[in-house]
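Q: Residue strings, one per chain:
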Amino acid sequence: MIWHIVTREFSDHLNSLRFALTTFILVALMVTNAVVHLQTHPDRVRHYSESVTTARNAVRAPTQLYLLLQKGPGDFRKRPSPLAFVADGGEALLPGRIWSGGSWSKTTSPGNSLKSVWWMGYPHLNLGAMSSLRPTATKIDWVFIITYLLSFLPLMFTFDALSGEREQGTLRLCLANPISRHALLLGKFIGALFAVLMPFYFAVLLNLAILSTDTWIQLDTAAWSRLGLIVLIASCYAGIFIAVGLIVSAATRESRLTLILLLLIWVTIVVFMPSTLGTLAAKWMSPVQTQHQFNKAKKAALAQAIDEPIKQMQEQFEKQLLSRYSLGALLKMPRAEAQAMVEAESAKVDDADLPMLAALVMKDVEVRERFNREHLAAQSAQVLQARAITRFSPAATVQYALESLAGTGFNRHLHFLDSVRLHIRQFREFIAERERADATSLHLIGIPQGMSEKPVPPQAIPIFEDTLTFRDTLNTAMGDILLLVLLLGGFLLGAFLVFVRSEV
Amino acid sequence: MLRTLIRQELLVHLMSARFFAAVVITVLLVVANTFVLLGAYEERLANYSQREAVIREKIADAPTYSVLRLAVARPPNPLSLFSAGLDTRFGSSVDISHTQVPSLLSVGAPLSSKNPYLNLFSHIDLVFLFQVVLSLLALLFAYDAIAGDSEAGTLRLVLSHSVGRGAVLFAKYLAAMVCLLLPLLMSLLLVLIQCTLSRSLQLGPAEFLRIGGIVVTTVVYLSGFYLIGLLISTMTRRAATSLILCMFVWVVLVLVYPNWSRFAIKPIGDTSARRTSTYQQIDQMREEEEREERRFLANSPLTGKPPWFNIDFSESWRRSGGHGADQLIGKLRNTADPLVPHLQQYHAFMSQVQTRLAEKEGLAKQQMVAETYLRRARWDERLMKLSPASLYTFATAAWAGTDVDGIVDYLRATRRYRRAFIT
Numbered sequence: 000m001i002w003h004i005v006t007r008e009f010s011d012h013l014n015s016l017r018f019a020l021t022t023f024i025l026v027a028l029m030v031t032n033a034v035v036h037l038q039t040h041p042d043r044v045r046h047y048s049e050s051v052t053t054a055r056n057a058v059r060a061p062t063q064l065y066l067l068l069q070k071g072p073g074d075f076r077k078r079p080s081p082l083a084f085v086a087d088g089g090e091a092l093l094p095g096r097i098w099s100g101g102s103w104s105k106t107t108s109p110g111n112s113l114k115s116v117w118w119m120g121y122p123h124l125n126l127g128a129m130s131s132l133r134p135t136a137t138k139i140d141w142v143f144i145i146t147y148l149l150s151f152l153p154l155m156f157t158f159d160a161l162s163g164e165r166e167q168g169t170l171r172l173c174l175a176n177p178i179s180r181h182a183l184l185l186g187k188f189i190g191a192l193f194a195v196l197m198p199f200y201f202a203v204l205l206n207l208a209i210l211s212t213d214t215w216i217q218l219d220t221a222a223w224s225r226l227g228l229i230v231l232i233a234s235c236y237a238g239i240f241i242a243v244g245l246i247v248s249a250a251t252r253e254s255r256l257t258l259i260l261l262l263l264i265w266v267t268i269v270v271f272m273p274s275t276l277g278t279l280a281a282k283w284m285s286p287v288q289t290q291h292q293f294n295k296a297k298k299a300a301l302a303q304a305i306d307e308p309i310k311q312m313q314e315q316f317e318k319q320l321l322s323r324y325s326l327g328a329l330l331k332m333p334r335a336e337a338q339a340m341v342e343a344e345s346a347k348v349d350d351a352d353l354p355m356l357a358a359l360v361m362k363d364v365e366v367r368e369r370f371n372r373e374h375l376a377a378q379s380a381q382v383l384q385a386r387a388i389t390r391f392s393p394a395a396t397v398q399y400a401l402e403s404l405a406g407t408g409f410n411r412h413l414h415f416l417d418s419v420r421l422h423i424r425q426f427r428e429f430i431a432e433r434e435r436a437d438a439t440s441l442h443l444i445g446i447p448q449g450m451s452e453k454p455v456p457p458q459a460i461p462i463f464e465d466t467l468t469f470r471d472t473l474n475t476a477m478g479d480i481l482l483l484v485l486l487l488g489g490f491l492l493g494a495f496l497v498f499v500r501s502e503v
Numbered sequence: 000m001l002r003t004l005i006r007q008e009l010l011v012h013l014m015s016a017r018f019f020a021a022v023v024i025t026v027l028l029v030v031a032n033t034f035v036l037l038g039a040y041e042e043r044l045a046n047y048s049q050r051e052a053v054i055r056e057k058i059a060d061a062p063t064y065s066v067l068r069l070a071v072a073r074p075p076n077p078l079s080l081f082s083a084g085l086d087t088r089f090g091s092s093v094d095i096s097h098t099q100v101p102s103l104l105s106v107g108a109p110l111s112s113k114n115p116y117l118n119l120f121s122h123i124d125l126v127f128l129f130q131v132v133l134s135l136l137a138l139l140f141a142y143d144a145i146a147g148d149s150e151a152g153t154l155r156l157v158l159s160h161s162v163g164r165g166a167v168l169f170a171k172y173l174a175a176m177v178c179l180l181l182p183l184l185m186s187l188l189l190v191l192i193q194c195t196l197s198r199s200l201q202l203g204p205a206e207f208l209r210i211g212g213i214v215v216t217t218v219v220y221l222s223g224f225y226l227i228g229l230l231i232s233t234m235t236r237r238a239a240t241s242l243i244l245c246m247f248v249w250v251v252l253v254l255v256y257p258n259w260s261r262f263a264i265k266p267i268g269d270t271s272a273r274r275t276s277t278y279q280q281i282d283q284m285r286e287e288e289e290r291e292e293r294r295f296l297a298n299s300p301l302t303g304k305p306p307w308f309n310i311d312f313s314e315s316w317r318r319s320g321g322h323g324a325d326q327l328i329g330k331l332r333n334t335a336d337p338l339v340p341h342l343q344q345y346h347a348f349m350s351q352v353q354t355r356l357a358e359k360e361g362l363a364k365q366q367m368v369a370e371t372y373l374r375r376a377r378w379d380e381r382l383m384k385l386s387p388a389s390l391y392t393f394a395t396a397a398w399a400g401t402d403v404d405g406i407v408d409y410l411r412a413t414r415r416y417r418r419a420f421i422t
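So the protein lines, in turn, are chains F and B. Sequential numbering from 0 applies to the first sequence in numbering that gives the first Met the number 0. Sequential numbering from 0 applies to the second sequence in numbering that gives the first Met the number 0.
The following block holds chain B by itself, in its conformation from the complex:
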């Protein structure tokens, strides 16, 4: 009996014109959007490889490691196609040097497309399309599931057979989920074909696993919306009422609430006091460093100003490219000053001091960022997650690795890299 019910429900859905229209439009939107997203991804990839080339040049040119300021660029995430998240909008390169520990504050500009002004047009990722279109479809499948049948009298007829009410509901649920999965999987297939054709985007087994996660999340999300629709359908008498209620629930959950909560609620108050106190702390650390420097110089025969004091280096002058009187004389003379060993001692001492300072500074900034920016971002997320649509967005961003945690992980990796690099 259950099988007959499922079969009948499936046929009703599949044969309907609305199902056909839904599939066609979904697939068209997804294909057009993937085309745009792939283009954007390729541009960001080009930007990334350009940055990499610049970094390599820098490494090759650097005379000593201590003057080297290395940038670590973050490659664009191929899964940003599905969930753009922070991947496209947050910075994607970090300067690394022995005088600075990377924190979120030192992240540079994001990888940009050719024309940054095109960012005025908001980008839609595939997850957003699923979120809007498929949830709408789920509600449209659900609104007359019970109310419509009971109006038409067929519900009474079905229940007159030896079949439980639970079985009827289950059959409807299963059939609708199959019908929703169909456009989802079809568009997914087309996306993957487009990806393989574009060549620039390479998906490994790990990525496929993550895409699988995204699909499972989508199914859970859609069944959530279907069940909301089913609930409304059972609670109302008329299909028309159920439909209007469903539509307004959809508007509130998908369209209004996520934007409203981000716009109207300020989760944590003003954090500028916390920021200024951190910067004051950092100023104190720097003063401490200067005191140490003075103490060292008091015991040293060096005179003049750092970094070269009153010692001429024809080599270094040339590099600095100056043409002042001092420089010109320095260029003409080549001195081997007896103070050079002292200078070396000074720089060895100072680099130690600076590294220590950088560690302390980095720690302070990290704490500050965690207590202000990160905390605010996470609170925003938590509030938005009251809507299933946002919950879905953040869950898929986590699968794709484009959420806040992805950025934090990236920074942790750069810090590790820095430690490996300076030792």
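Next up, chain F with everything else stripped away, as it sits in the complex:
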């Protein structure tokens, strides 16, 4: 009996105007998505591989351990995801590159200066770029198509499913037959789901067919299984909105009222909540330092840890100089002679000072990286918290799940930062190991005099490879997927309850 209802509902939908329009819109958007991706993706991949090669050569250029420490592990680039067409994830805003934070050179005594070594730069967001002059618009990726259209279209198919039939009186007729209410509801649910998903699957297939014509886009098995999961998530999401439509339709008498209620719910859940709820939630969270406060605090800490000792060293040197030569004698000396004398004096640096100098350099790196890490962690925690709150909206949940699976977006950004930090640690361990292997050196990492001068074989230097495994993506997406399945079950149950209790 239930299949009878499903086939009747489905064939009803199949012949309707809304089915034709749905197919048209979904296909048009999916084709656009594929075509634009074909145009932009090869450039991105080419750019990435070129810059990775340059970065690799730059890392392998130095042959001495100190130079290696100073040049650092080089440029880190985020690998463009092969599934970028699924979710853009604000990639234009997030930093795609991490490089050296800068360098300094401070004079400790005339002729002698202390040079900084590589530290991980602060990954700034790309705010206020010239491209922001162009009007903003949402990228037409799968996330857009799914979150907006696979929520709007189900409502178009369900708003009159129960209230419309009740108005016409056919519902009473239908229930006069030996058929249970839940069978009728399930039949309507499955019929509408098929009617929405069929054009969607067709559009997805078309999209993938267009994409597979290009040799630049190579999708491996992991990518295909991700795509399979993504399509499943989309189906689940469409199901949620069909259930919502049935709930409201069962609870109202008039199909016009059903529609307006559904549309208002749609605007609130899909348009309003994902964007505003996050910012709203952030208002009550513990505040983070502003960039200005952060810079100030970092500067103060650095001044205390680095600049103060260096200043003391300078003053000490001046004192020593003036204790050996009187000021009058210095002034009487010819200019060039005085200069040579001061330099000769400062060249007699105590070897006892070297450990302190090396420690200063490494301390500088440590302080800077710690401050950056803590500030970023505070900001990220706030974003993650805000995202947790926006998950009230299934649209946001789907967006995050899709971003995780596609390997873009904020979770990907955090993963990238983590793997960069891991690589930096490995790189430093590598240097320390080479250093230990050389018995002749002073083992003072941070200054050229204290480090091994043995040449380093370029092949041994660790190279950063940005990878994202299927397991990583699944781990971050699993929570969202579960949430969606639960929502679907909950709303379906709600629809049953409302329909069973409603008057016909």
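Derived by calculation from the structure, the hints in this document are not laboratory data. Any given hint could be a false lead.
[What the hints assert, rightly or not] In silico EDC-like links for lysine to aspartate or glutamate, alpha-carbon gap of 16 Å or less:
| # | chain 1 | residue 1 | chain 2 | residue 2 |
| --- | --- | --- | --- | --- |
| 1 | F | 282 | B | 42 |
| 2 | F | 298 | F | 373 |
| 3 | F | 453 | F | 471 |
| 4 | F | 318 | F | 336 |
| 5 | F | 282 | B | 51 |
| 6 | F | 297 | F | 373 |
With chain F fixed as given, assemble chain B onto it according to the hints.
A: Positioned in the frame of chain F, the structure of chain B alone reads:
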């Protein structure tokens, strides 16, 4: 007769549950959103006043005007509450110095909220809410205006009276517009109350005039959508068909087309060639400047490297904070070199040359920006304006002064300020 028609239509709308639901949801969304937007505005205002304080400090500390690099910060626009436009996303401070003429390229970072990562959540302004919610309502009022009446048979009944078809349409239009204005004005009133309560946001008479402009634009926009709905309603036989058509027209015009046109159409091709040629031009100008400098130095007794040549200045060493051998000696000696007047001559000459160079460079960059970035932005706008929803967005941005022209005006003002400042 017309009055009776209008009255009847109005009552039908006003008494309906859908009208009530629409008003409640619109007002709730607007109030919640205003709360968020006001918070964001306050944060940007705090950021702005902090920048201002830094600039003031700089002015007070600067020893001479020629070394001063002044930043001109742009305050957040209070009307960005209605239409955020470029106000929140484009840079909002410009460095001014006698060696640089501001162009769009030299605009710094935008005023940020406390946590810039929250920019990952897109912000919705009030105009966007009106654009989405009220246009949907307009179509929902319109779809069964004719088709529904003719299905129910009441249209025939009404027309059997001595009333023209035009009058019926007009009555429906007027009643629906009144019903749409009601949630609009109510939410506007609540927004203004929230603004006055927040205190940080001050609206003057000019702003109220602009808000009035925004309201008028909104009314025009809504009547546009209502008339589209009415057209569909008259052309279809059944209200159900009319409704589905209306919804899909709405999806295409509001949701799909603006994003699609920006995503799929690349209005002007690759502009990187134009950019590189400008930078080459600028390099040539700089070479020219260096040649002039060499020519001047050939006739001057100064030796060594600029800016101080081989002259010791105990004062300047101390400021540069160095502790090299040269510096230490300079610190101990205090020379009054006979070459000092020549040095002054050199700097006077060079500042003239540099100012001239800056003017030329600024002009070249300005032209380049106008031909590449600005042109592309304007073409994007033009294409998006094919949808009434985007047309409405850009029109209100123009009222609020948050569109591209607002930024261009701001830059023009900074250039004027620079000229006044260096002369």
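Q: Sort out whether residue 51/B lies within 16 Å of residue 282/F, counting only the CA atoms.
A: violated, 25 Å
Q: Take the C-alpha atoms of residue 297/F and residue 373/F, compute the straight-line distance between them, and say whether it is at most 16 Å.
A: holds, 11 Å
Q: Are the Cα positions of residue 298/F and residue 373/F separated by 16 Å at most?
A: Given pair residue 298/F, residue 373/F holds - Cα atoms ~15 Å apart, limit 16 Å.
Q: Does residue 471/F lie within 16 Å of residue 453/F when you go C-alpha to C-alpha?
A: Roughly 39 Å separates the two Cα atoms, so the pair is violated.
Q: Please work out if residue 318/F and residue 336/F have their alpha carbons no farther apart than 16 Å.
A: violated, 20 Å
Q: So if I understand the rule, the pair passes when the alpha-carbon distance is 16 Å or less; does residue 282/F with residue 42/B pass?
A: holds, 11 Å
In summary, the numbered hints that this structure violates are 3, 4, 5.
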